[in-house]
Amino acid sequence: MTVTQRLDDTPARKHKPLLAGNGFGSNILALALVTLAIFAFLALTRQNFATWQNLNSILFGVSIDFLAIVGFTYVMVMREIDLSVGSVFAFTGTLTGALLVGGWGFWPAAGVALLAAAAIGFVNGFLVVRFNINSLMLTIGSMLLVRGLSNVLANDLGGQTYPRAFRSLARTNLFDIRITIVVMIVLVLLAWGFQRRAALYRKMCFIGENVKSATVHGIQVGTIKILAFVASAMTAGVAGIFTASRITHADVRMGLGLEFVMVTAAIIGGASLYGGRGDLRGSALGLLLLALVLNGMIMYDIEPVFQQFVIGALLIATVAFDTVLNRRGQ
Amino acid sequence: MSSIRKTSFLRSARLEQETLTFTVVILLALVLTSISPAFLDPNNLASLQTAVAPNLIVALGMMTLFMIGRFDLSVGAVMGISGIASAMALDAGMPVPVAFATGIMTGAAIGAFNGLLVAYLGINHLIVTLGVLYMTRGVIEVVMSGQQLGGFTSFPEGFSMLGQWGFGGLSGIFLFSLILCIGFEGFMRLTLPGRKLLFLGGNPVAAEAMGIARRRTEFWCFVLSGGLAALAGVLMTARVGMANRYMGDGLEMQIFIACLIGGGSIAGGKGSYVGALAGVLFVTLLTNAFNLLLVPSEWQAVVIGAVLVLVLVADGIMVLRKRGRPWRNILGLWPSRLAT
Chain A
5 MTVTQRLDDT PARKHKPLLA GNGFGSNILA LALVTLAIFA FLALTRQNFA TWQNLNSILF
65 GVSIDFLAIV GFTYVMVMRE IDLSVGSVFA FTGTLTGALL VGGWGFWPAA GVALLAAAAI
125 GFVNGFLVVR FNINSLMLTI GSMLLVRGLS NVLANDLGGQ TYPRAFRSLA RTNLFDIRIT
185 IVVMIVLVLL AWGFQRRAAL YRKMCFIGEN VKSATVHGIQ VGTIKILAFV ASAMTAGVAG
245 IFTASRITHA DVRMGLGLEF VMVTAAIIGG ASLYGGRGDL RGSALGLLLL ALVLNGMIMY
305 DIEPVFQQFV IGALLIATVA FDTVLNRRGQ
Chain B
-3 MSSIRKTSFL RSARLEQETL TFTVVILLAL VLTSISPAFL DPNNLASLQT AVAPNLIVAL
57 GMMTLFMIGR FDLSVGAVMG ISGIASAMAL DAGMPVPVAF ATGIMTGAAI GAFNGLLVAY
117 LGINHLIVTL GVLYMTRGVI EVVMSGQQLG GFTSFPEGFS MLGQWGFGGL SGIFLFSLIL
177 CIGFEGFMRL TLPGRKLLFL GGNPVAAEAM GIARRRTEFW CFVLSGGLAA LAGVLMTARV
237 GMANRYMGDG LEMQIFIACL IGGGSIAGGK GSYVGALAGV LFVTLLTNAF NLLLVPSEWQ
297 AVVIGAVLVL VLVADGIMVL RKRGRPWRNI LGLWPSRLAT
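Top to bottom, those sequences are chains A and B.
The first sequence begins at 5 in this note's numbering and counts up by one.
The second sequence begins at -3 in this note's numbering and counts up by one.
Since the hints were derived computationally from the structure, they do not count as laboratory data.
These numbers were taken from a predicted model, which means no experiment stands behind them.
Some clues are possibly wrong.
[As the list claims (entries may be wrong)] Derived CB-CB ranges, DEER-like:
1. Glu204/B with Arg257/A: 43 to 51 Å
2. Phe130/A with Leu26/B: 30 to 38 Å
3. Ala310/B with Ala34/A: 43 to 51 Å
4. Gly261/A with Ile326/B: 29 to 37 Å
5. Thr227/A with Lys2/B: 28 to 36 Å
6. Val328/A with Pro292/B: 39 to 47 Å
7. Thr227/A with Met314/B: 40 to 48 Å
8. Ala209/B with Thr227/A: 50 to 58 Å
9. Phe130/A with Pro292/B: 44 to 52 Å
10. Ala321/A with Ile0/B: 30 to 38 Å
11. Ala34/A with Glu204/B: 50 to 58 Å
12. Leu327/B with Asn60/A: 35 to 43 Å
[Claimed, not checked] Below, in silico cross-link-like pairs of lysine-lysine (BS3-like), each with a Cα-Cα straight-line distance of 30 Å or less:
13. Lys2/B with Lys216/A
14. Lys192/B with Lys318/B
15. Lys318/B with Lys216/A
No residue lacks a Cβ here, since even glycine has one placed at the ideal position from N, Cα and C.
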C-alpha cells in the first residue's frame, strides 16, 4: 500500500487535544472530591482523626514527600521513570547529616550533598539518553547502588543524632506553619503557571507523546531529559535533607519504598506510565490521598505490616487503570 | 577473492556470551583459590552448592521469561511464601506430598496472577511483579507476625530428606537443579515450543502473525516462573530446616543480574539455560568472594547495583549495534541527534 493510498483511505480525522482532561485522574476536581470524601469519612467516624495535631503531622509528611515528587512527576511526563528517588532521598539526607557530624557548616554540607544527588541524576539521565536504556531498569540499578552507599554512611554513623541546628531545620516555621508546607503551596501555584504557560512543559509533553516526532521537530530531547533526571534527583535530595532533619538520626530504613508511593501518587494525580501527561497539583493530591488512606488504616487499628500489602495493591490497581484507560498503539 | 568464512560453533549455537561468562567464572574461581585458602574448603564448597541450587532453579524460570521479553521480580517473595506455605501445611499435620504440593501451588497461583495481569490485561510487567513483590512480602509479614524470628523449624523426617539427600558427595538439590537445567536446555534447543519462545521474544509481531498465541504463552511462562520459584523455596525450606520471613529477600535482583550476564536481554529473543547456569555461578561466586574477603554487606549492594548498571549499559550498546549504529555514533562525543 503506498503512502498516497493510505492518506486517501483515512478520513481527515481531528485529533483530540493532548491535554483535554481525558485521562485517568487528570480531572483535578474529581480527585479533590475523592480526597475530601475520604477526609470527611475519617473525620466523622474517628474522633482522633480531625485533631489539629494529627492533621498537621499528615500535612507535614505530605509536604516533605511532595518536594521529592516535583522532579519525579516531570520525569514521568516524558515517558521515563526514576525509581532511584527513594535511595537518593536517603543518601542525600544521610550524607548531609554525616558531614554535619564531621564538623561542616550546614550550607556547605547541604550543597555538597545536593551536588552528589545532581551527579547521580545526571548519570541516570545521561545513560538513558545516550545508550537508549529502559529507565525503569537502569534506575533500579542505581537504586540498589545508591541505597548501598547510603547504608554504608548510615552504618558509619551508627545511629548518632545529628547536631541540634540541623535537627531544628525541619521544625522551622514560617507564618506559624511549617516551612515545607508553605513551600508546597508556593510550588503548587508555580506549577500551575508553569503547566499553563511554559513552552518547556509543552515540549516535555510532546516528548512523552512521541519522542521521534519531537526529535524531528528540533526539540532537544536529550538535554531536556537529562535536566529532568537531574531535577528529580535534586528535589529528592532537598526532601531527603528535610527528612533527615526530621528523624534526627541516621536510619537505614529512610525512604524505603518511597519510589512506589510516588509512582502511585503521580499516576493517581494524572500522570501516566505511557508519558505525555502529568500534573504537579494532581501529584500533590495523590500523595495527600495516600497519606489519608494510610493514616485511616492506623486509625482503624489495621496492622501496620499490612501497609506494605496495601501499597503494592494500590500500585497495581492504579497502573491497571492507567493501562486500560490510556492504552495506546496496541 | 574472498572466501566464505565458516561460522564458528559458538556463534551458530548462540553461545558466545555464555562462553565469555563461563570463562569469567573460571577466572574468578582461580583468583579466589589463590587469594583465599578457605575457598576450596569442603564446607565452603558445600555451601556454594546449596547457594547455587535454588538460584539456578529460579533462574530457569526467569530465563524463560527473558526469552519472551518479560521478567518477574516477585520470585524472591514467592520463594519465601511457598516455603512458609508448605511449612504451615506440615504444621497442620498434613502428609509430606500434600505439603509439598501446597507450596508449589501457592507459587504457581501467584505466577498465574502475574501472568493474568501482564498477558491478558497488558499491564507493564515490571510494575505488576514489583507490586506483587510488595503484596507478597506484606502477606508474609502478616502470616509470620505471631511467629518468632526463626519461623517454623521442626519438620518431619520425610520432608527434610527432600532437601538433604546427596549423591557421591554432591548435594542432591544441586544435582537436581543441574538435571533440570539440562532438561530445559534440551527443550529450548530441540523442540518446537522451545524455539517458539525465542521467536516470540525476537519479534512478537511476526510471531503473532505466524499464529503463536502470545498471551497464552506469556501467561504460562509466568506460571512456570512462579512454580519454579516455589519449588526452590520448598526445597530450600527442607534443606535448611526452617521457614522464615527472610528467605529469598533481595533474591530477584541477583537472579535478574545472573540472567542478564548469562546472555539474556530485557528486549527478549536471546538467552539460554546454560547461560542462566553461568550467570548464577558468577553471582554466587561474587557473593562468596565478598564473604570470604569479609567485605561488609552494604558494599555488596553497591557492587550488585553497579554490576547491574554496567550490564544494562553493555546490553544497550549491543542493541544499538544490532540496529547498525556505528561505534563513533554510540560512544563519540556528539552522537547523532536522531536517537531511538
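Comparing the hints with the structure gives:
Separation of Glu204/B from Arg257/A is about 45 Å and conforms to the stated range, judged on CB atoms against 43 to 51 Å. For the pair Phe130/A and Leu26/B, the beta carbons lie near 36 Å from each other, so the given range of 30 to 38 Å is met. At roughly 46 Å, the beta-carbon separation of Ala310/B and Ala34/A lies within the given 43 to 51 Å, and the hint holds. Taking the beta carbon of each, Gly261/A and Ile326/B are about 35 Å apart, inside 29 to 37 Å as hinted.
Look at Thr227/A against Lys2/B: about 47 Å separates their beta carbons, and that is not inside 28 to 36 Å. Against the hinted window of 39 to 47 Å, the Cβ-Cβ separation of Val328/A and Pro292/B comes to about 45 Å, which satisfies the hint. Our hint of 40 to 48 Å for Thr227/A and Met314/B is violated, since their Cβ atoms are close to 26 Å apart. As the Cβ distance of Ala209/B to Thr227/A is approximately 43 Å, the hint placing it in 50 to 58 Å is violated.
Restraint check, Phe130/A to Pro292/B: a C-beta distance of roughly 29 Å breaks the suggested window 44 to 52 Å. As the Cβ distance of Ala321/A to Ile0/B is approximately 57 Å, the hint placing it in 30 to 38 Å is violated. Range check, Ala34/A to Glu204/B: Cβ separation about 37 Å, and the 50 to 58 Å hint is violated. At roughly 53 Å, the beta carbons of Leu327/B and Asn60/A sit outside the given window of 35 to 43 Å.
Proximity of Lys2/B to Lys216/A is assessed by CA-CA distance (about 39 Å); at most 30 Å being required, the pair is judged violated. Among the hinted pairs, Lys192/B with Lys318/B is consistent with the structure: their alpha-carbon atoms are about 21 Å apart, no more than 30 Å. Annotation: proposed proximity of Lys318/B to Lys216/A holds, straight-line Cα distance about 19 Å (limit 30 Å).
Checked against the numbered hints listed earlier, the structure breaks hints 5, 7, 8, 9, 10, 11, 12 and 13; every other hint is satisfied.
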